[in-house]
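Given chain Y, work out where chain G should sit, using these hints.
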Amino acid sequence: MVFAPPLQKSASLAVALFMMASATAGSDPTQPQSDSTNRPPNEAVQLTRDVIPALTKAGCNAGACHGSFQGRGGFALSLLGFDAAFDYDVLTKASRGRRVNPASPAQSLLLLKPMGLVPHGGGKRIAADSEVAQVLAKWMASGMPGPQANDLDGLRIRVDPPHAVLSLKTNHSTQTDSKERIALCVTATFADGSARDITRWALFDVRDRTIAEVSRSGEVTAVRCGKTAVTVRYLGQVASVGVSIPFGPTGEFDFPSENPLDATAVTEWKRLGVEPAPLTNDATFLRRVFLDLIGTLPTVDEARQFQADTSATKRSRIIDQLLERPEYVDYWSLKWGDLLRAHRRYLGDKGLASFNGWIRQSVRDNKPLDMMTRELLTAQGNLFTNGPVGYFFIDDKVEDLAETTSQVFLGIRLQCTKCHHHPNEVWSQDDYYGLAAFFSKLETKDSGTIGSRFGGPKSLRATRTINPNRKPQMVVAPRVFGARPFDRETTIDPKATTESAEDVVDPRQQLAEWITKADNPYFARNFANRYWAALFGVGLVEPVDDLRATNPASIPSVLDALSQKFVEQGFDAKSLLRTICTSRVYQLAPELNPSRDVDGTLFTHRIPRRLTAEVLLDAINQVAGTTETFTGQPVGTRAIALPDPTIASNFLSTFGRPQRNNPCECARGSNTDLSQALHLANSADLHGKIISTAGRLSAHLTANRGDDEIVDDLYLSAMTRLPTDEERTVIRELLADGTPHEATWQDILWALLNSAEFVFGH
Amino acid sequence: MFQIDHPTRNCEGLARRAFLQVGSLGLFGLTLPKLLQAEQANPTMRTKDTNFILLWTNGGISNMDTLDMKPDAPVEYRGEFQPISTNLPGLSVCEHLPLMSRQMDKVCQVRTIVHLGSQHAEATHWMLTGYPQVPDVNAAPVGSTVYPCFGSVIAKELGWKNGMPPYVQCASGPMMYSSGGYLGSAYSPLMVRRNPQEKDFSVDDVSIPSQVGAERTQRRRRILDRLDSWQRQVDQTGAVADRSEFYRQAYDLMTSPAAKQAFDLQAEPEALRDRYGRTREGQATLLARRLVEAGVRFVAVDFTGYDTHDKNFIRLKDPLLPTLDRAWSALLTDLSERGLLSNTVVLCAGEFGRTPRVNGAAGRDHYPLCNTIGFSGAGVRMGSVVGQTDARCENVVGKTNSTLDYAATIFRLMGIDDTKEYVSNDGRPILINNGGHSIDEVFA
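One line per chain: the protein sequences are Y and G, in this order.
Letter by letter, the first sequence follows residues 1 to 762 of this note's numbering.
Letter by letter, the second sequence follows residues 763 to 1206 of this note's numbering.
One should not assume that every hint holds.
What the hints assert, rightly or not - Some chain Y residues near chain G, calculated using beta-carbon distances under 8 Å:
| hint | residue |
| --- | --- |
| 1 | 63 |
| 2 | 75 |
| 3 | 118 |
| 4 | 120 |
| 5 | 122 |
| 6 | 519 |
| 7 | 543 |
| 8 | 611 |
| 9 | 668 |
| 10 | 672 |
| 11 | 682 |
| 12 | 683 |
| 13 | 734 |
| 14 | 751 |
| 15 | 754 |
Stated by the list, open to error - Distance condition first, Cα-Cα at most 30 Å in a straight line; then the derived DSBU-like pairs of lysine-lysine:
| hint | chain 1 | residue 1 | chain 2 | residue 2 |
| --- | --- | --- | --- | --- |
| 16 | Y | 517 | Y | 574 |
| 17 | Y | 445 | Y | 471 |
| 18 | Y | 445 | Y | 350 |
| 19 | Y | 418 | G | 1182 |
| 20 | Y | 124 | G | 1182 |
| 21 | Y | 367 | Y | 574 |
Hints were generated in silico from the structure; no laboratory data involved.
The structure presented is a predicted model; accordingly, all values stated were derived computationally and were not measured.
Glycine included, C-beta positions come from ideal geometry on N, C-alpha and C.
Excised from the complex, chain Y in its bound form (with noise of 0.2 Å):
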């Protein structure tokens, strides 16, 4: 195409790119710039410093756009310039460098396009009189030095300030809120010493909008009350700023409490303006820790007898109980089955045998975790008599292993990095491919499809040297994360894959050793989190499996309170469940209509939650006195301890029973939908068991029980609580409707089992 942009604006560019002028840091510089400059005149313009940085701030490289890997419009950079040597191929020499004019800057096709003066499929992206264009004048005028090798060494970016906090004011005689902003500053230093002030190359996101948004430039605005996070990224570098915005000052709360987590809790509460939910009452208080811990109601015999014990320690010595309570073991297998991706289809029916026995032995002996995962990770052997090599048959590729581990034990998503840096944080390919060569010095034997689907042998050892058939796509030396490009000194013996002496050991107990190290920073963090959310439906950080500086906790010093207590306690599970059951933040009352943290992230109240799959069946069988019949299980075998998805059951796929295909915790379906809206009020099935003559209620009517004897049963198996002076009275109403007595109160019970009150844990 012949372009001839129109001579007017062309001139008007070449004027403004003779001013030079370099904005003020703060500003934004895509748009026309203002005063003064901040950069000496005559300091030579970089490629990875100065090009790629402007190239990004103008999101020129953005996943929509050139950053993707097809390109747009035959233009293809790296995703977000992290990778200096392809852009400058891109730039200076594919198709024929007919993208760069060093002669004449002006009339490139890199500064036409992004400033609209030539069809752009982007549109205009940048001002002419911008600091964008001026730094890609400058590079094209300065004959356009390619990237060095050690450009980014030692790079480290600071934010300042590291906290923001933000007031919203109502001004009453108006009503309108006043918004306070902050202006954030972020420095780069290099290892050579220099320092630079890179506000306005900076990327900022903010995690939760409706609290806050941030500018361009990086000015913070309040929206409204509450605690989120700014992230600001640059050249593969990332941070995160806290910002609280309080709600202002709360009455005066009493909240004893020998806990840990309560008084950083309330600390972080005060700050932010919150009030906790008062503590629960015994009913709620029971429903919940038999829901959380053993995924099982409280019968009603149970129920009687913790409302009628008066001890002031009940409370924690039921939690002990239910930590020793066969459906522990139950409960407790079925989530690490799911994290694990426990499935015949990976195993074959011994081999799934093999691997759930050993995850239920673990759980039942309370086996601390960090053996738990060195047991998992440098497992060999025979997969029918050692259960933890199955992790081995369960991811294969090299490069699945190294997701998984990361993901599960660490609490690190590293998919993005598979095929470029991640965009939200340090993590680089050679972070991935790294953890990936821990485990290619393996070798697997078994008898292919056939073996794993019919029970062949299979088991796994140790190599000496790595198996080309577990050759990563990328081959570098086995390292851990935080060795980081900039710090190779950290890396683990990087010779531990060359040599070949006889006694080299296995790398994968290096990597056992180091993830499950008391200090590392993951593994603790990452299992606390995890654990917490178990409990509370929520996370302290969220996405739970994504722990990362850019993804901070929403009370951070909870998090860490709780994580330092489960490496004082030689990470044991049944410590960390008791530490936060026991915790006064655990024991706090649902609030139904909370007015400040409405949506529950600072926990100052208990958000309900839908109960997963397995536990609403076996709830309802509970209640109804029925039992659910799986296909090839022994008769009352509960859906907490099936083996794996494979056992059909349509209620469990209605209500989001994870396929155990990716170890993403959000595999599971928590929401509600149409489908399971129709199942409960409507199925067959549910009216079945409701008017099942083996069923609670037939019980009942056959042994001519009173009205009330009724009544106090149903309402404490389904909600753990007797009913209301107004219940009963609606329920004597009608009884006395005319309609026969025995479809009454299966319609009752019906109506329990479809009751909000009965499908939320709360």
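Below, chain G without anything else, positioned relative to chain Y:
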């Protein structure tokens, strides 16, 4: 605007957060299901109001024995069926599609679609979502993202209409990869599992069980309203409010005369029911038309049994082709007579074609390199053939199209902007369609 659709380039876990934000919109009385409706109610978002009926030839139908016959190929390729002429000059189809041969002026055959999935599971994922997938031996996806079926994307983009759910599937069990994928179960189809051919046909969980009855169902709902005081106390945001909204929808569906009417095949004249064929598939196709009339956006009808590794000709001759011939032709004429062909797209497709050379068991095996499909209806250049295959139907000659092109074609017919970005359940940004170009020749 609604954060749930906000384009984001982050690997952050926005999915859940976006959900929470939608929940918080409840402050203004907008809960998730209402939001789904609000999306469709906003006239600026869409100009078209098109429906879609998918006739899914599950197992993979042979092209050479149906729409793309090669009478001049050697006998071990062309098989035993003879071509017959159609109402489209120059085009012939199989002798066992006599009714369709009079409807070819309403079909746009596309012969250019090629993909690489040679097993049912992966091929189904290609052809129902547009995206590749690598499942394991049991058809379960291996660690990777499961994409939403076209019907689920359409459900998300268009939402409910006239109290009818957007996506319904008529199949004895869910078709592989036909659910909401990473969008979650809210966009999975409402299943019609039972055989509509049966006399006492009902829809599980939608039709009120006979032992309960309509009156008692209403009584139960009144009892629930009176007893579930907890629900009323909870603030009207978040999951509890969503649930009550879904219950409202469920009751609408269970009790609305319109929905009941839509599912009631008895209301159709016997002669018309005969025209569709007194088969499960035929009656399900008729049901699809009724559902579309009632407000359903996307109906998938499962035609099973096309995996003809042996006895290909015997099985196609009876019952496979006569069943399809009746249902498909009756649907096209019926829609046309009712004027519905102008706002309904009909697609007959399967996961792949079948091998051109007949195997030793007189069957044909899986073959994704040639897979003829047929579009009809709204916006389609009917009575045309796009692309061609070689003399033995072994390869497409000239330009081929990817399944993403095919997906783009479907979305364009439905008026859906497929350059939009969703957020996967693990928080990654994913395009509805990653770079497919719609097949221009399909469009009128």
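Cross-check of the supplied hints:
no.: 1; hint: 63; result: holds (5 Å)
no.: 2; hint: 75; result: violated (14 Å)
no.: 3; hint: 118; result: violated (22 Å)
no.: 4; hint: 120; result: violated (16 Å)
no.: 5; hint: 122; result: violated (13 Å)
no.: 6; hint: 519; result: violated (26 Å)
no.: 7; hint: 543; result: holds (4 Å)
no.: 8; hint: 611; result: violated (11 Å)
no.: 9; hint: 668; result: violated (10 Å)
no.: 10; hint: 672; result: holds (4 Å)
no.: 11; hint: 682; result: holds (5 Å)
no.: 12; hint: 683; result: holds (5 Å)
no.: 13; hint: 734; result: holds (6 Å)
no.: 14; hint: 751; result: holds (4 Å)
no.: 15; hint: 754; result: holds (5 Å)
no.: 16; hint: Y:517 with Y:574; result: holds (20 Å)
no.: 17; hint: Y:445 with Y:471; result: holds (17 Å)
no.: 18; hint: Y:445 with Y:350; result: holds (16 Å)
no.: 19; hint: Y:418 with G:1182; result: holds (24 Å)
no.: 20; hint: Y:124 with G:1182; result: holds (20 Å)
no.: 21; hint: Y:367 with Y:574; result: holds (9 Å)
Hint check: violations occur at hints 2, 3, 4, 5, 6, 8, 9; the rest are consistent with the structure.
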